[in-house]
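Engineer: Residue-level listing of the chains:
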Amino acid sequence: MTAIARLRRTIARVRDHDLWHDFTASRITVAAAAVTLAIVLAALFAPWITPQNPFDPAELDLLDAFTPPVWAEGGDWRFVLGTDDQGRDLYSAMLHGARISLLVGFASVLLAAAIGVTLGLVAGYSGGAVDATIMRIADIQISFPAILIALLIDGVARGVLPRDRHDELALYVLVFAIGASGWVQFARTVRGSTLVEKNREYVQAARVIGVRPAAIVLRHVLPNAMGPVLVIATIGLAVAILTEATLSFLGVGVPPTQPSLGTLIDIGQDFLFSGEWWIVVFPGVLLAALILAVNLLGDWLRDAFNPKLRKGVAR
Amino acid sequence: MAGDPLVEVDGLVRYFDVSPPLLNRAVEGAGRRIVRAVDGVGFSIARGETFALVGESGCGKSTVARTIVGLHAPTAGAIRYRGTEIAGRSAGADVAALRQRMQMIFQDPYASLNPRWRVRDIVGEPIRHNSLLPDRASVAARVAELLVRVGLSPVDGEKYPHEFSGGQRQRISIARALAGEPEFVVCDEPTSALDVSVQAQILNLMKELQRALGLTYLFISHDLAVVYHISSRVAVMYLGRICELADTETLFGRPRHPYTRMLLDTIPDLEMGGRDREPVAGEVPSPINPPSGCAFHPRCPYADARCRTERPELKPAGGASVACHAVEEGRLG
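Chains as they are written, first to last, in the numbering used here: chain A, 1 to 315; chain B, 1 to 333.
Hints in this document: simulated from the structure, not taken from any laboratory. Each hint should be verified, as a subset may be incorrect.
Simulated restraints, written as ranges between beta carbons of each label pair [said to hold, decoys possible]: (1) N199(A) / E329(B): 18 to 28 Å; (2) A215(A) / S57(B): 48 to 58 Å; (3) G128(A) / R311(B): 31 to 41 Å.
Some, not all, of what chain A presents toward chain B, calculated at C-beta under 7 Å [as the list claims (entries may be wrong)]: (4) N199; (5) E201; (6) Y202; (7) A205; (8) V208; (9) V211; (10) R212; (11) I216; (12) H220; (13) P223.
Sample of chain B residues lacking proximity to chain A, with all beta carbon distances greater than 10 Å (derived) [said to hold, decoys possible]: (14) R99; (15) N114; (16) F164.
Ideal placement from N, C-alpha and C gives every residue a C-beta, glycine not left out.
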């Protein structure tokens, strides 16, 4: 079979699938997916579709600082959306910043979900002392604000690592800090669903058949506990991006030479009252659009993965 | 009784600890609370028969079923399958192979099928888990055959459980149980969640499968009409113990234990129209704190001093086994 024929068959299979019908039936979802995809792709290919590398000081000129957008008086075609206080092209900085925001967001949510789902499943299914230990640790952790834990982890990393090493590792430290502070929600939700599911008769049926506990948890309980996880993960993605922005604002996030979306909003906020509105508005609109679109997608996923809510799929 | 015993249950005891947490016990000075769900139950089931356990809610009949299939470990007592001990500490390594021949049909057809699995995966699970068939094609063929056997269509395998009615789901449940190639099936109130018309269909299907495949059933129910229809022997349970055990004809024709009489009096029937019936008096006492002596004595019209202090054991009485002092003493014919 040629590669093209194989591709055709895959496309045909996708178009026949329930999820695809479900997806195309909801215009808002399609729009949200389009926005998300556009932002993710733009962020991914930022170095090739932007005129300037905002992370390279050699390309910046302080004389270009505070150029307004092109349609305003004093606008410059080189800087379509204007520039910030450093003379960075906002369009380029936004796409590069979205890259960092999305990277930190996705990676930390993945980390938080991996830790939280695993611990939640283990706690819920084993019960007893294991459950009590894990959930008390979660209780202790949740009594601290997430940002405080992230600050603590970042502070320790800063103390342990030399400065230049830390700048290199700043992204990893951020991901770890945000991820490690976000697992509790996943663990609690998954534990709750696990407690419900493990007493359902289909789990008992699997036990009667003789399926091992690990296989029951992975193949029976996990799929039925994943619905809420997707919803938490989407909200978590937004929260993670915002946490990253807050940390960057406090000066413990990404280095100022590599601004994320949050950092750009923060920079712009300083100049909002002096008339340079574009520095805060454009990154802000991009961030809001991204988070809204991701949330809409999450809502749709929640409905789509629950076959009971699926309506009107002809067979 | 025809045939050798397939399943023997001997002195089965299962307690549940429902005490408040340690901290509450320490602070409030509360003691431990133990539910005596099953408190010394013994019977044996012959190959090919349908043995029914009946009783009111909370009498421990489901706990007996779950303990036999291994969902609960017994607190004490023995369960033997084909003469091999399969529960508790003395259970051997070959138990898994024996358990495979033992399947269960659950009460709630809406909860007993994983909502995210297609029917073919649900029915195929015992086959895949026990590697009964070598490849996917033969598993698929076997699943289709099983679906036809229980009165569904092979194309139903592609659907999800929520696309079926309660009766159809129970058929899927039965197909899953059959997929494990069992010889002994524990049915935990398989029809109590279904409409009356559908109940009859499911019962007839189960009878037909029993004839065709030589199955042995343990049938748990609170519905005496259903039990009369399907079972060959019946044990009546009250508060964790068996109070009467007899052939179906004997039990329904001439109930001996006062509790059995009371239960049978509750069945409405056409010939009894207009006649006064003995209403069921009182409620089932708590199994956390069961009455002394015979557990039934607070509700029993024939109870005397001995009944309040001494626990009756199952003793033969005219073709049945009855645990009642009044029957034993001849006070009650």
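Engineer: It remains to establish, for every hint, whether it holds in the given structure.
Structural biologist: Taking the hints in turn, this is what the structure says about them:
1. N199(A) / E329(B): 18 to 28 Å: For N199(A) and E329(B) the Cβ distance comes to about 45 Å; the hint is violated.
2. A215(A) / S57(B): 48 to 58 Å: This hint is violated: roughly 33 Å between Cβ atoms.
3. G128(A) / R311(B): 31 to 41 Å: The hint (31 to 41 Å, Cβ to Cβ) holds, given that G128(A) and R311(B) are roughly 34 Å apart.
4. N199: violated, 9 Å
5. E201: This hint holds: E201(A) lies near chain B, its Cβ roughly 4 Å from the closest one there, short of 7 Å.
6. Y202: holds, 4 Å
7. A205: Because about 6 Å separates A205(A) from the closest Cβ in chain B, which is inside the 7 Å limit, the hint holds.
8. V208: Hint holds; V208(A) Cβ to chain B Cβ min 5 Å, cut 7 Å.
9. V211: Result: holds, 6 Å to nearest chain B Cβ.
10. R212: At about 9 Å, which exceeds the 7 Å cut-off, the nearest Cβ of chain B leaves the hint on R212(A) violated.
11. I216: violated, 10 Å
12. H220: holds, 6 Å
13. P223: Constraint on P223(A) satisfied, holds at 5 Å.
14. R99: violated, 6 Å
15. N114: violated, 4 Å
16. F164: Holds, because the least Cβ-Cβ distance between F164(B) and chain A comes to about 12 Å, which exceeds 10 Å.
Checked against the numbered hints given earlier, this structure breaks hints 1, 2, 4, 10, 11, 14, 15; the rest are met.
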